[in-house]
Amino acid sequence: MYPKEYRFTKDHEWVKVEGDTATIGITDFAQKQLGDVVYVELPAVGKTLDVHQTIGVVESVKAVSDVYSPLSGEVIAINEDLNNSPETLNHDPHGKGWIIRLRLKNKSDLDQLMTVGDYEKFLEGPAS
Amino acid sequence: MSREPLIFEISAATKKGFALPQLDVPEKKDALAGLPVRAAMPGFPQVSEVEVVRHFTRLSQANFCIDTSFYPLGSCTMKYNPKINERIAALPDFQGSHPYAPQDLIQGNLEVLKTLEDCLTEITGMDAITLQPSAGAHGELVGMMLIRACLEDRGDPRQIVLIPDSAHGTNPSSAHTCGYRVREVKSNSNGTIDLDALSREMTGEAAALMVTNPNTLGVFEWDILKICEIVHAKGGLVYMDGANMNALVGKFRPGDMGIDVIHLNLHKTFSTPHGGGGPGSGPVGVKKHLEPFLPVPIVERGAAGYRLDFSRPKSIGRVRSFYGNFLVMLKALAYIHSLGAAGLKEVAEIAVLNSNYIRKSLEGVYHLKYASPTLHECVFSDKLQKERGILNIDIAKRLIDYGIHPPTMSFPLIVPGALMIEPTETESRRDLDQFIEAMKAIAREAVETPEVLKSAPHVAPVRRLDETAAARNPVLRWEGPKE
Amino acid sequence: MSYISLSDQDKKEMLDRIGVSSLDDLFCCIPDEIRLKRELRLPPPLTEPELVRHFETIGGKNKEHIHLSFLGAGAYRHHIPSIVDYLSSRGEFISPYTPYQPEVSQGTLQVIFEYQTLVCQLTGLEISNASLYEGASAAAEAVLMAERIKGRSRIQVAGSVHPQYREVIRTYVKNLAIQVEEVGYDDKGQVDIESLKRQIDNGTSAVVCQSPNFLGVVENLDRLSEVAHQNQALFVAVVAEAASLGLLQPPGAAGADIVAGEGQSLGLPLSFGGPYLGFMACRKEFLRQFPGRIAGETKDVEGKRGFVLTLSTREQHIRREKATSNICTNQAWCALRATIFLETLGQEGMRELAYQNFQKANYALGSLSAIKGVKRKFGGPVFNEFVLEFEGGYKKVADHLLSNGVLGGLDLGPFYPALKDCALFCVTEVHSKADIDRLAGLVEEVVR
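Chains as they are written, first to last, in the numbering used here: chain A, 421 to 548; chain B, 681 to 1163; chain C, 674 to 1121.
Isolated chain A, as found in the complex:
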């Protein structure tokens, strides 16, 4: 279900790292909790983010969720397809439904994140 090479947060964001670039999205669990996504608010390219700073907002009809950056860095790309097809976030949350790409500032931020095994355990636990 959850890609092995990704890292995860307790707020249900995922991170995929390639070199010094990180792609960030929300997990399948998060999109299911929200229901049909109707709108995604994206940051501006070039914005610098700190860990846990708000990236943007994902909205369904009756719910709204802030998306927090798991890492620090500079936004180098945003998924503009989400403007016209927010449903992509429901259909392919771990792939085409990515939200932003970040140029990593501090690779050690990754140490704070969960592995897929940890995340699956986290989802099963009472805390979820």
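It should be emphasised that the hints constitute simulated quantities derived from the structure, not laboratory data. Bear in mind that the values here come from a model prediction, so they are computed numbers and not experimental data. Check the hints yourself; a few may be wrong.
[Said to hold, decoys possible] Pair by pair, the computed Cβ-Cβ distance ranges are:
(1) C:Asp698 / B:Ala983: 45 to 51 Å
(2) B:Glu766 / C:Asp698: 32 to 38 Å
(3) C:Ser695 / B:Val1045: 23 to 29 Å
[As the list claims (entries may be wrong)] Here are the simulated lysine-lysine pairs, DSSO-like style, with alpha carbons at most 30 Å apart:
(4) B:Lys1134 / B:Lys1066
(5) C:Lys1093 / C:Lys1106
(6) B:Lys866 / A:Lys452
(7) C:Lys736 / C:Lys1068
(8) B:Lys763 / B:Lys931
(9) C:Lys684 / B:Lys1040
(10) C:Lys847 / C:Lys1093
(11) A:Lys516 / A:Lys541
(12) B:Lys967 / B:Lys794
(13) C:Lys995 / B:Lys1049
(14) C:Lys736 / C:Lys957
(15) A:Lys452 / A:Lys430
(16) A:Lys452 / A:Lys467
(17) B:Lys1063 / A:Lys430
(18) A:Lys482 / B:Lys708
(19) B:Lys794 / C:Lys847
(20) B:Lys709 / C:Lys861
(21) A:Lys482 / B:Lys1066
(22) A:Lys467 / A:Lys541
(23) B:Lys1063 / B:Lys1040
(24) C:Lys1093 / C:Lys1045
(25) B:Lys708 / C:Lys1045
(26) B:Lys1120 / C:Lys685
(27) C:Lys1045 / B:Lys709
(28) B:Lys794 / C:Lys736
(29) B:Lys794 / B:Lys763
(30) B:Lys914 / B:Lys931
(31) C:Lys995 / B:Lys708
(32) C:Lys995 / A:Lys467
(33) C:Lys995 / B:Lys866
(34) B:Lys708 / C:Lys861
[Claimed, not checked] Taking beta-carbon pairs under 10 Å as the criterion, some of the chain C residues facing chain A (in silico):
(35) Leu984
(36) Thr986
(37) Lys995
Ideal Cβ placement from N, Cα and C applies to all residues, glycine included.
Chain A is already provided as a structure; the job is to place chains B and C on it using the hints.
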């Protein structure tokens, strides 16, 4: 049933629904020169009077309303709206009155305002009332502004307002609009404010606690004296959201028990019609120490009659134009005069009786998260039905097929899948029993024919509507004929 | 009178089912020591005939209706077609709640959708909400919205915006990091453009102007909008007299980003100041920052057109403290009346209404300012209100008018010290030529 077209779709040039007398002053055509005049308004309708009448009559028939249906929408207090109050509000002496008319010519209006203030101070036990706020949320905002002004006057405005996790969404929003940050206070297993949590959160930073009593579960905060003590001990003030005051009139006066500020909803407790979403009226009551800060103007009763007082140096200022939703106040005053003290107390008693009758009858059929005794409303949930994939929305939509308006589902957030039921005092035994039977039948259907619930409603003017599509591709006005 | 529908037998059986012995037992959750132990001290109950007499007596203490009135200033006397009262008093319109359940609220929702369309057509903007409380708080909401969009802390408000609207804006922003600066008016009664240019800079989120303004003068919205936009500020146009939109350039066409106003003129009686109707429209790109409820079109599962409340994630019940406004209950029924009013008048009716207001006011202005000792105060174009200056002050004129059963214009002294001898007169389609001539005759008597 075919859907009523939009008025724009039946419009045609040269049709007329209205005529003015001929212009009887000498027309100066050149006067328009130099005036920025508009071009035509493309699409603006042109229809006949009878078309307008049929259009709105047919549209009205697509609405559920109190005059036709049981409407147990929790927290909204959908009681019967007495018709006599409409007649009184339509009296030309009131309706034709200009807000800038000299005060000597509007003594009747001012008497209405002052009398209503007197009645509401007596009902709430507060020391003074402003009638200006336009609705409940506006009252909350005014209440927050009063608290801030009072604390600023003491030299310590503070930054945070405490709000229980069971609160209505307007509470945090109103506090925020007044420049406060919001900190949530957890409820305990009874569904009431957790005193330990409150003591922890109530620091020197906290300006106030906003408490709804009875709260959104219909549970009376029976520790209210303690709650006020904790807040006052740290120099904060207690704001009571009086949206549920209909359960307490004649039984409990917030002003006697440490509440500093309260708002009322005349369109809930005092029977004025909701109008499909307003106009309401949200008077705010305060204790003495907050009186200097009330919005302007204030009505004063003097030897020479009633006067509007605009010069109040500590006032938070003006919160809306003129003096509030006057005709709504007039209806509420007529209601108070109709019922009198005993009648108003009976309102609270029968509202609580009806609610508990429903609660008792549906216990076990639907899940009740909190066992605490409740007053005018009770909050069930879809927990039992959810095991079969049936959610509160399915239950709600199926109720429509039984001719009953669904309960409230959007809050309290502490009850997932909430079904908040408030019958009010005006409902008959027959209506209550029909509702109970319908809810039981739906619970059976959830087991036997769940697909019937999933696809409900079946007999409404429209079937279930696609709210996702509406939000993804917003169409917010008519933009011309479709291809 | 009581509106309870239970018999004594019902009550007894219901208490039995609940398992308590008295109504009082149902309140056991309120600790005894804090329960009210006495009856409330309220006037005795009245039956319907008594109630009618009681309120007719109080209403009779209002002595205003016997006067011919030229008061306006944010509350306007217009003719209201009979069908507005007739249709709006239907129980299906007046007694439902906010349309949270669209399948049983299509009537209310379609009305809101039509209302939004009409507001867009009138203002020349792309989106409208379902209503706000009234004009002054609508103006305040527009200011808060502009600050959210621009993230700048200062706003420039014309001193010719209705004084109450300016007061309400100040009340709303007092506890937030927003500073209000006022811009004066020139001798035409329009915003002093040079002052505005001096005061505005890149810290300004919005320029707020009213047209026709509180001095009755129609503003040059094109020019104001240009100055605002040159500084990357939003242009907020306030409309206190909605009837003017039947004739005057729509603010959207002049570049207004947000229009906020008072819709009382569209089918709502004067009612001593309320309930009225706040309306608001803006450009599409600001949708996410727009306050209040919005209805939108969609389809049901069978493909039939229907309407729902939409984009609710902006609102307090979902976004709580991050909502675009705390508003919940608005003025839906007043918006219904405005919708009936506008659809009954239609495009031609709205233009005719506005045109008659304009012609009659200009006739009155001509007659009155021709009187010696009476001066037209401002040279700018007027719609249905104008300011006159009276040699020797306005008070004796007002008194003379009143003693002859005429309510003259509003004394501007309390609002603008510089206009202490001036008054704001309003003339609408309800005034006949004879009414206006009578006013002029009486003014002439006292000034002479």
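30 Å Cα cutoff - pair B:Lys708, C:Lys1045: holds (22 Å)
Restraint check for B:Lys1134 with B:Lys1066, where alpha carbons must lie at most 30 Å apart: holds (12 Å)
C:Lys995 as an interface hint toward chain A, with CB separation required under 10 Å: Holds - the Cβ of C:Lys995 comes within 10 Å of chain A, reaching about 8 Å at its closest.
When the least beta-carbon distance from C:Thr986 to chain A is tested against 10 Å, hint result: holds (4 Å)
Holds or violated: B:Lys794 to C:Lys847, with C-alpha atoms at most 30 Å apart: holds (29 Å)
Pair hint B:Lys1063 and B:Lys1040, alpha-carbon separation not exceeding 30 Å: At roughly 18 Å apart (the allowed maximum being 30 Å), B:Lys1040 and B:Lys1063 satisfy the hint.
B:Lys1063 paired with A:Lys430 [C-alpha distance capped at 30 Å]: holds (26 Å)
Holds or violated: C:Lys684 to B:Lys1040, with C-alpha atoms at most 30 Å apart: Satisfied, since the Cα-Cα distance of roughly 14 Å is no more than 30 Å.
Holds or violated: C:Lys1045 to B:Lys709, with C-alpha atoms at most 30 Å apart: Answer holds: C:Lys1045 to B:Lys709 is near 26 Å, not above 30 Å.
Satisfaction of hint between B:Lys1049 and C:Lys995, Cα-Cα up to 30 Å: Within the cut-off at roughly 28 Å; holds.
Pairwise hint evaluation, A:Lys541 against A:Lys467, where the allowed Cα distance is 30 Å at most: violated (33 Å)
Restraint status (C-alpha distance of C:Lys995 to B:Lys708 at most 30 Å): It is violated: about 53 Å lies between the C-alpha atoms, which goes past 30 Å.
Violated hints for the displayed structure, listed by number in ascending order: 14, 18, 22, 31.
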